[in-house]
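Chains A, B and C supply the protein sequences, listed in that same order.
The numbers in my numbering rise by one with no breaks, and the one at position 174 of the first sequence is 1092.
The numbers in my numbering rise by one with no breaks, and the one at position 112 of the second sequence is 1030.
The numbers in my numbering rise by one with no breaks, and the one at position 235 of the third sequence is 1153.
Since the hints were derived computationally from the structure, they do not count as laboratory data.
Note that CB positions come from ideal geometry on N, CA and C, so glycine has one too.
There's no promise every hint is true.
[Said to hold, decoys possible] Which residues of chain A face chain C? A few of them, derived with a C-beta cut under 8 Å, are: (1) Tyr944; (2) Ala1018; (3) Pro1104; (4) Thr1110; (5) Gln1147; (6) Gly1150; (7) Asn1151; (8) Leu1152; (9) Gln1154; (10) Gly1155; (11) Ser1176.
[What the hints assert, rightly or not] Ranges between beta-carbon positions, derived for each pair: (12) C:Asp1173 with B:Ala1100: 34 to 40 Å; (13) A:Glu972 with B:Ala1100: 53 to 59 Å; (14) C:Glu1086 with A:Leu976: 47 to 53 Å; (15) A:Asp1173 with B:Asp1031: 53 to 59 Å; (16) A:Lys1028 with B:Ala1032: 57 to 63 Å; (17) C:Gln967 with A:Lys1075: 45 to 51 Å; (18) B:Gln1033 with A:Thr1171: 32 to 38 Å; (19) B:Arg1020 with C:Asp993: 15 to 21 Å; (20) B:Arg1020 with C:Glu1086: 47 to 53 Å; (21) A:Arg932 with B:Ala1032: 49 to 55 Å; (22) A:Glu972 with C:Ala1129: 41 to 47 Å; (23) C:Arg1078 with A:His1005: 25 to 31 Å; (24) B:Ala1032 with C:His1177: 53 to 59 Å.
[Said to hold, decoys possible] Here are a few chain C residues that sit away from chain A, every Cβ distance over 12 Å (derived from the structure): (25) Thr942; (26) Asn943; (27) Asn948; (28) Ser949; (29) Glu968; (30) Ala971; (31) His990; (32) Ala1027; (33) Ala1100; (34) Ser1158; (35) Ala1162; (36) Ala1166.
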Amino acid sequence: MTLSPLGDYLKTLRAETPLVHCITNYVAMNSTANLLLATGASPAMLHAQEEVAEFTALSAALSINIGTISPHWADAMLTATAAANQHAIPWVLDPVAVGATRYRQTLCAKLLDAQPTVIRGNASEILALYGLAGQARGVDATATTGQALATAIALAKRQRCVVAMTGEQDVITDGNTHFTLAGGHPLMPRVTTLGCGLSALVGAFVAANTAAPLGASAAALACFAVAGQRAGNLAQGPGSFQVALLDALYQLTPDDLSHHAQLEALHAA
Amino acid sequence: MTLSPLGDYLKTLRAETPLVHCITNYVAMNSTANLLLATGASPAMLHAQEEVAEFTALSAALSINIGTISPHWADAMLTATAAANQHAIPWVLDPVAVGATRYRQTLCAKLLDAQPTVIRGNASEILALYGLAGQARGVDATATTGQALATAIALAKRQRCVVAMTGEQDVITDGNTHFTLAGGHPLMPRVTTLGCGLSALVGAFVAANTAAPLGASAAALACFAVAGQRAGNLAQGPGSFQVALLDALYQLTPDDLSHHAQLEALHAA
Amino acid sequence: MTLSPLGDYLKTLRAETPLVHCITNYVAMNSTANLLLATGASPAMLHAQEEVAEFTALSAALSINIGTISPHWADAMLTATAAANQHAIPWVLDPVAVGATRYRQTLCAKLLDAQPTVIRGNASEILALYGLAGQARGVDATATTGQALATAIALAKRQRCVVAMTGEQDVITDGNTHFTLAGGHPLMPRVTTLGCGLSALVGAFVAANTAAPLGASAAALACFAVAGQRAGNLAQGPGSFQVALLDALYQLTPDDLSHHAQLEALHAA
């Protein structure tokens, strides 16, 4: 299986400016909205049980991030994912720190049952998430995406979804076809909630390319990888990096993305 | 009716550094606080039913934004607006996405009953808000301020308040006297929650110019229009725009504002 | 008593990248996380009663900030401080606007009972906090750290903790040994929640230097004072100041900190 040129996915996103309903953590809300707007999507944040299903139904994608959950928010997430499924709206799960507490594990088990279209997490989160359905297992917070590769593939297969695992080298897989992606910059982990924003951006790309969630996910990660590299070249620290990243995402053209993304097919065991 | 030179309203704001109690959405909180501080006002965010009335009474203005409402927050908004009215403190309503869900419509109907001093919204929100008191009506999300002009004036008349409607061209009206305002920059809609911050800034201007809510609202919008234009000239994308906007608001002098604001009296039917 | 060179505390922070559990206000969350990451610590924000104790136990420090409290959050703060005490994890109290409402005063009295390792606040907050255990007293919102010096020392003695009082001139005291610290920049109060972020950074420094909370607190404040001065020299307003501050904290070396911090021993009556 080959993907379309990555720029094609960005072209449809820019043409459709998909509305992405984000139920995300407090830390990430502002930066997520700005990352989506800079790239060309339209974010909306709301979470009250009283309106969440009604609003999800109006959206082109739903992005769920469990960073600062509490009971009302967890309920809203489950209501929204049910609405997404009912209306065939793609949704993305970002299982922030799922290995850290039992509360997170319990909620993520329920969210997995609600069949995310894409799971976006780091290696530790992917390992922890996979363990939820089997026996409990320790989570190595310093796991690399290489160490977690087999688990990412197994998770995608088991959940019948795309897994987009980010780290120094990203992995994108639907369980059958796999890609690695290089790029980005060492300053990226020094800026908070970029990963959270990326999850919502995956939602935007999938919304604008519903027939191709694997390619759309790869294109979203590639935007961050290419724009992140450019921002890193201009930055003097994490403050100027944030500014340069938003500018770079805004300036990124479909051709840029197609030509500079370091995406490679991966032939895994 | 003629207004004072717009710079005069900024002069009083800078002299008084009014405390603006903001009950606003999670996405907007940080950027709203920074926009107020940059311009010369003093923001405070708190919302617990246990303290909200006590704090509103200490404030020079109250700014209510329904972006990420939930029941406790909605209750706090109603308590705070009642306290504002009791103590003759001006308050601003920002009816974010009021047309999107019934929950928002119900809350906004109650907030309208609490008699805002100023309503600040985009054309779609003004159209939706006006419809609340009459029959339900469809909301055109792509409405322009030109299309919504008559409705903005009718809303101001009916609610006996100022309506500050923002878009490519802003409209400010108290139902009898109307102004249009040009300026700003196409990057502004690519940065999240600038409108939310502007609503709170309207609160600050009205607090420092309580006898002249129409002129004060025009001056607040003019700050954004002039500073936004300058920031846009310096920016390379939405990241550098945000930085430049805060700097431009900080650097803006009363004379600048008076001379560069593109405010015009409007003789509407 | 003499302190180690201040750079030594930064060296240990960078080596250990301590995990700081922040239960802080909505306005400050994103900027606090970025300030910690830029300096070299690892932030985490979560607050649900269902997981807060479990997570505090995994952390190297806890930072509590009451800016946007509500009942569930207040309960979580008390649960988390109890967990911190049980596991001998240092914790920092930031009593935002404690003088403003009775609700804040009541919560802070309970938090004082939970024995913070460090209290970080401005002069008005330190005066109000001290008054809680005695008779109620008026709070002068324009108090300087000079006027509040004796109270800061008395508070540190009474609570057996470090008090880090910030303003134009900072004061750091454990009730017996006192220091003043100059530096920073007049733009700092024009950026929201820098003080909130500093409180969390104090937590990070204390976590990496558990045997020396007084020196660690001084080092945290000195980072802000030195980096703030540098950022101020580069900035054209509060927008570019924020960017430059994150870059300066990132670039700050232990030697820089030791050589440029304007810390002086204070011989108070």
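**Request:** Could you check the structure against the hints above and give me the numbers of any it violates, in ascending order?
**Result:** Violated hints (numbers, rising): 3, 5, 6, 7, 8, 11, 12, 13, 16, 17, 18, 19, 21, 22, 23, 25, 26, 27, 28, 29, 30, 31, 34, 35 and 36; every other hint is consistent with the structure.
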